[in-house]
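Undergrad: Put the two chains together into one complex, using the hints given.
Going down the list, the sequences are from chains Y and D.
If you count the first sequence from 1, position 67 lands on 67 in our numbering, and the numbers rise without skipping.
If you count the second sequence from 1, position 55 lands on 55 in our numbering, and the numbers rise without skipping.
Note that these hints are calculated values from the structure, not bench results.
Just so we're clear, the structure is a prediction, and the values are computed from it rather than from any experiment.
Misleading hints may appear alongside valid ones.
Said to hold, decoys possible - As a list, the in silico DSS-like pairs of lysine-lysine whose alpha-carbon atoms are at most 30 Å apart:
id, chain 1, residue 1, chain 2, residue 2
1, D, K54, Y, K53
2, Y, K25, D, K54
3, Y, K83, Y, K226
4, Y, K306, D, K20
5, Y, K320, D, K54
6, Y, K93, D, K54
7, D, K54, Y, K79
8, Y, K83, D, K54
9, D, K54, Y, K321
10, D, K54, Y, K23
11, Y, K25, Y, K306
12, Y, K265, Y, K197
13, Y, K303, D, K54
Said to hold, decoys possible - Using C-beta positions, here's what the derived DEER-type ranges look like:
id, chain 1, residue 1, chain 2, residue 2, range
14, D, T69, Y, E327, 41 to 49 Å
15, Y, C295, D, A41, 54 to 62 Å
16, Y, K136, D, A41, 34 to 42 Å
17, D, I72, Y, Y185, 50 to 58 Å
18, D, L63, Y, Q97, 26 to 34 Å
Ideal Cβ placement from N, Cα and C applies to all residues, glycine included.
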Amino acid sequence: MAEVVNRGPGSYIYATTRMRVRKIKLVPREDYLRMLNMSLPEITRFIEETQYKAEIDELSSSFSGIDLMEVALSWNLAKEYQKVLDITPGILKEFTQNYLRRWDIQNVLNILRGKTQGLSSGKIKAVLIPAGGLDKDLLDSLLNEDSPERVVDALKGTGFSSLLGEEFPAAQESGSFARLENELYKQYFADLIVAAKSGVKGGVAFLEYIRFEIDIRNIQTLFRLKTGRVSDVRDMMIEGGSFTVEELQRLAGTESIDDLIDAVKSRVRVAPLDALLNEVRENMSIHEIENRLTCVMLEQMEKLSKRHPFSICPILVYLKKKRYEVENLRALARGKESNIPSERIQDYLVM
Amino acid sequence: MVAETIMTVEVAEASAAGMKAIGAGLAVGLTGIATGIAEMAIGPAAVGATAENKDIFGLVLLLTVIPETIVIFGLVVALLMIF
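Bound-form chain D, shown alone (with noise of 0.2 Å):
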C-alpha cells in the first residue's frame, strides 16, 4: 500500500512562514559571526592603540564598530524576509 501525503494550502504557508524565519535566523546568526570575527582584530588592536594614546579614542571606536555593518545588512535582510 502506498501512503498518499496531501499538501493543503495551510501547511503549504506554514511551511513557507518556517522557512522565512529560518532564513531570517541564519542572516542575523551568521552575519553576526562575521562580524565577531572581523572585530577580534580590530578590538585589540584599537585597545592597544588607546592605550598608547588616549586622544585617539573616538577614531579606534568608530574603527571597531564599522564590522557592524556586516551584521546591519543581515538585519535588514532579515527584516525584509519576515515582512
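Next up, chain Y with everything else stripped away, as it sits in the complex (with noise of 0.2 Å):
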C-alpha cells in the first residue's frame, strides 16, 4: 500500500489551517460574558448548541447537572485532543504527543493521590481526562489496579517510571504529593526545550514560547510564595527559562513586590508583560495576578502562531485556548451551581 507522503509544506499548511478554523469555533468573550446572567440549566442548554451537543446528549442519562457539565467537558477535551492528534501528521504529531504529556502527568497524580486515599474506581475515573498518550484502556488498567505501588509498576517504560520510582516512596510515606508534581513538570519541561530543538518547524519559535512560559510559571510562583512567606524556593522553580534556579532564590528573598518586578522587567521583555507588571504594583490580588499572566502568555503564543502560521505554533495556541476554555465553562458552572457573583465569576475567566 502506498504511503501518504508527509514532507513538504502541504502537511502543515493542511493541519495548522484546520486548527485555525477550530480556533474560530471556540466560545467567544461575548458570549461568556452571556452566560455570565444565565442559571446553571440555561449555561448547560446554551453549551448544547455549540460543540459539546454530542457529549451532553450521551451523558444526559447518567448525570444531571453540574456532575453533567463537568464530565461532558472533560469528554469533549479529550475527545477533542484525540482527534488534533489524528489529524497532525509526522513530527507534527510527535510534538503534540509530548506536549499533551502534561495530561498524563495531571492523571497519574489524581490515580496515585485517589488509591492513597482509597477512594473508589468510579470517582477516580470521574475526574480523570485522557487527553495524553495514556489512552482510555490503559488509564482503565490502571485503575483496576489494587494499589498506588502496582499502579507505579504499572507505569514502567512510559517515561515516568524513573522518576516516580525515586520519588513515589518518599511522597507516600509524607502523604504529600507536591514534590513529586513538581518534579514530574520540571522534566516535562525540560523534554519539551529538547522536542523543540529536534527540527520541527517552528521548532525555535516555540523554544521562545517554552522559555516564555517556564518564566511566567516561576514568576507566578514567586507572587505566590511572597505571601507565603517561604525561605526555599528552588525545588518549587522550573529551570530553562531567563532566570535561573540561583537567581530565582535571590528574587524570592527580595524586600518588597516592587524589586521582584524591577527584576523581572529588567530580564522579560514582553510589552505586554511590562505594562501589566506597572498594574500589579498597585495593589492587585494574587488570584488577579496569575490570571493576566495567563492572559499575557496566550496573547503572547497568539503572536507568535501569526508570525510563524504553517508551524507547530497554531495546533500549540488550539490545544491552550480549547483548554481555556474548558475551565472557564467549569468556573462558570461551578460558580452558579454555588451561587457566586456573576462579578466574582468574570474575575476567574481567562477571556
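TA: Okay, structure coming up:
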C-alpha cells in the first residue's frame, strides 16, 4: 500500500488551517459575558447548542446538573485532543504528543492520590481526562490496580517510571505529592525543550515560547510565595527560562514586590508583560495577577502563531485555548452552582 | 577554405516559426509551473478548511483556482504568438 507523503509544506498547511478553523469555533468573549447572566440549566442548554452537543446528549441519561457539565466538558476535551493527534502528521504529531503529556502527569497523579486515599475507581475515573498519550484503556487498567505501588509498577516503561521510582516512596511516606508533582512537571518542561530543538518547523519559535511559559510559571510561583514567606524556593522553580534557579532564589528573598517586579522587567522584555507588571505595583490580588499572566501568555502564543503561520505554533495555540475554554465553562458552572456573584466568577475567567 | 552558410528566405521563415513555437511552449509551461507552486499552498489549506466547515467549499474552490489565471495569461500569450 502506498504511504502518505508527509514531507513538504502541505501537511503543515493542512493541519494548521484545520486548527485555525477550530479556534474560530471556540466560545467567544461575548458568549461568556452572556452566560454570566444565566442559570446553570440555561448554561447547559446554551453549550448544548455548540460543539458540546454530542457529549451532553450522550451523558444526559447518566448525569445531571453540574456533574453532567463537568463530565461532558472533560469528555469533549479528551476527544478534541485525540482528534488533533489524528489530524497532525509526522513530526508535528510527535511534538503534539510531547506537549499533551501534561495530561498524563495530571491523570497519573490523580490516580495515585485517589488510590492512596482509598477512593473507589469510579470516583477517580470521573476526574480523569484521557487527553494525553495514556489512552482510556491504559488508564482503566491503572484504575483496576489494587494499590498505588502497583500503579507505579504498571507505569514502567512510560517515561515516568524512573522519576516515580525515585520520588513516589517519599511522597507516600509524607502523604504529600507536591514534590513529586513539581519534579514531574520539571521533567516535562525539560523534555519539551529537547523536543523543540529536535528540528520541528517552528521549533525555535516554540522554544522561545516555552522559555516564556517557564518564566511566567516561575513568576507566578514567586508571587504566590511572597505571601507565604517560604525561605528555600529552589525545588519549586522550573529550569530553562530566562532566570537560573539561583537567581530566582535571590529574587524570592527580595524585600518588596517592587524589587521583584524591577528584576523581572529588566530580564523578560515582553510589552504586555511590562504593562501588567506596572499594574501589579498598584495592589492587585494574587489571583488576579495569575489570571492576567495567563492572558499575557496566550497573547504571546497567538502572536507567535501569526509570525510562524505554518509551524507547530497554531496547533499549540488551539490546544491551549481549548483547555482554557473548558476551564472557563467549568468555573462558570461551578460558580453558578455555588451561587457566587457573576462579577466574582468573571474574575476567574481567562477571556 | 572558409565554409559559407547561405540563409535562404525559406530557412529564415522556418527558423522564426520554430522560435515562436518554443516561446509559446515556454509561456504555457513556465506559467503552468508557477500556477502549480501557487496552488501547492492553497490546496491543502482549502482541503483543511473544508474538512472543518463544509459550507465554505464553494468559496475555497474559487480561491484554489485563482492562480489558474497565471496559466491562462500564459496560454493567451502563446496563442497570440502563434496566430
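Undergrad: Output the numbers, in ascending order, of every earlier hint that fails for this structure.
TA: 3, 4 and 15
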